[in-house]
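What follows is each chain in one-letter form.
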Amino acid sequence: MTQTRKRAAFTFLIWGMVMTAFSIIFFYGAGPERYALEKWRRLAGAGIIACGYFSYGLMLFLTRIRTGNHAVGRDERDEEIQNHANASAFPFVLVYVFALSIILWEKYQGIGFVPVGWMWFMAYSTSFAAFISSSVIALILEFKASAHGQG
Amino acid sequence: MAKAEIRNKIRRYRFNAGEMTQEELANRAGCTRQTIILMEQSRYVPSLALAFCIARVFKAGIEDIFEYVDEENGADL
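Protein sequences appear in the order of chains S and V. One point on numbering: in our numbering, the residue at position 71 of the first sequence is 73, and numbering is uninterrupted. One point on numbering: in our numbering, the residue at position 20 of the second sequence is 30, and numbering is uninterrupted.
None of these hints come from the bench; they were simulated from the model. None of the values given here were measured: they were computed from a predicted structure. One thing to keep in mind: the hints can contain errors.
Just so you have them, the derived chain S footprint on chain V, three or more residues with Cβ under 8 Å [what the hints assert, rightly or not]:
1) 24 to 31
2) 35 to 43
3) 52 to 62
Glycine included, C-beta positions come from ideal geometry on N, C-alpha and C.
One chain only, chain S, in its complex shape (with noise of 0.2 Å):
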């Protein structure tokens, strides 16, 4: 399995758990409107992302290519797919931004606020939409440049 594979299904799975979690806490019990003014809920969901971003950065670390192997690990393609992965990830974080905003406009217009939980999970979850929308689209690339490939 290339490091770019590797990499990318480690981190749909790692920031897919992560995100699952958070979204857990975060509609828990009194839900979104009371998220800011539970404190351990917020300490939670701080927990969880700083638990996700550990493991992204041991997953990295262990991912890497190790100096002294004989074989190439990474090479120009695995460049351009993930380079493609990270250009076409953008617009949809751009989307996903704006279609949280928009769902919440319309949820809160009648009341006149936004709820200022809301502003945490829009922080958090814009950094799940890049993560996952990226290794998805890479390991999509990946498949289809490779799906006959014998390794």
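Go by the hints and put chain V onto chain S.
Structure of chain V alone, referenced to chain S:
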């Protein structure tokens, strides 16, 4: 501009080089084996730098291994 394709004879050159493995070619050219596999299947067009590296491994000219083909004129050789 007419639709074009870059074809290659990497498989034949590997055969002529004593059935050189894809792994060996990849290591000597500085790319991954998956890239060699995809090039042989004409599913990936290498950069000029990588094309030169591959040609150098086989001690051949770049145009001996890679050919530019467009719909209107066929092989441009």
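Evaluated hints:
1. Using a Cβ-Cβ cut-off of 8 Å, 0 residues of the region 24 to 31 of chain V lie near chain S, which falls short of the minimum of three, so the contact claim is violated.
2. Coverage of the region 35 to 43 of chain V by chain S holds in this model, with 6 residues showing a Cβ closer than 8 Å to a Cβ of that chain against a need of three.
3. Restraint check on the region 52 to 62 of chain V versus chain S: 6 residues with Cβ-Cβ distances below 8 Å, three needed, restraint holds.
In the structure shown, a violation is registered for the earlier hint numbered 1 alone.
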